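Asks: Sequence:
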Amino acid sequence: MESSGLLNVEDPIQIFVLHTIFIPRISHCLNEFSEAFNNHAVSTEGNWTPSQFWINGMIHSNNPLAHGNIDEEPADVQLYGCDPEAPLLQKKIIMSLLSQFL
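Following this note's numbering, the numbering of the sequence shown begins with 102 at its first residue and continues without gaps.
Note that these hints are calculated values from the structure, not bench results.
Treat the numbers as computed from the prediction; the structure is a model and nothing was measured.
Glycine included, each C-beta is placed from N, C-alpha and C at the ideal position.
Please note: incorrect hints may appear among the correct ones.
As the list claims (entries may be wrong) - Estimated spans, in silico, between C-beta atoms of each pair:
| no. | residue 1 | residue 2 | range |
| --- | --- | --- | --- |
| 1 | Ile-156 | Pro-125 | 24 to 34 Å |
| 2 | Ile-116 | Asp-177 | 32 to 42 Å |
| 3 | Leu-108 | Asn-139 | 28 to 38 Å |
| 4 | Asp-184 | Gln-115 | 28 to 38 Å |
Please put together the full structure from these sequences, using the hints given.
Replies: Quick look at the structure:
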């Protein structure tokens with residue numbers, strides 16, 4: 102459109118209209134493509150779909166995010182996330198913040 106003279110990229114109104122019209126259309130086309138791709142059978146993998154692969158990976162027992170594999174509550178909850186080897190300035194800020202809650 103720019104090379105044919107139909108679009109002036111310096112005009113903010115034309116750019117706004119271009120975004121308003123084409124971004125939803127492009128987004129719709131991408132959603133249709135991803136739905137089709139995620140649900141097509143992969144013949145070399147026993148005709149499973151990419152969605153089935155993802156779900157199987159999520160529920161597999163070796164997945165660290167699967168139910169029961171998530172780390173339990175840390176032993177020292179009050180200092181969880183604090184790095185004792187952090188630079189001194191950050192350490193002072195963290196300790197002052199922690200003292201407000203302790």
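Asks: Each of the hints needs a verdict: does it hold here or not?
Replies: Quick rundown of the hints versus the structure:
The supplied range of 24 to 34 Å is met by Ile-156 and Pro-125, whose beta-carbon atoms lie about 29 Å from each other. One distance hint, 32 to 42 Å for the beta-carbon pair Ile-116 and Asp-177, is violated here, with the actual separation near 54 Å. Leu-108 and Asn-139 have their C-beta atoms about 34 Å apart, which keeps the hinted 28 to 38 Å range intact. Checked against the hint of 28 to 38 Å, the pair Asp-184 and Gln-115 fails, with Cβ atoms roughly 51 Å apart.
The structure fails to meet hints 2 and 4 from the earlier list, while all remaining hints are met.
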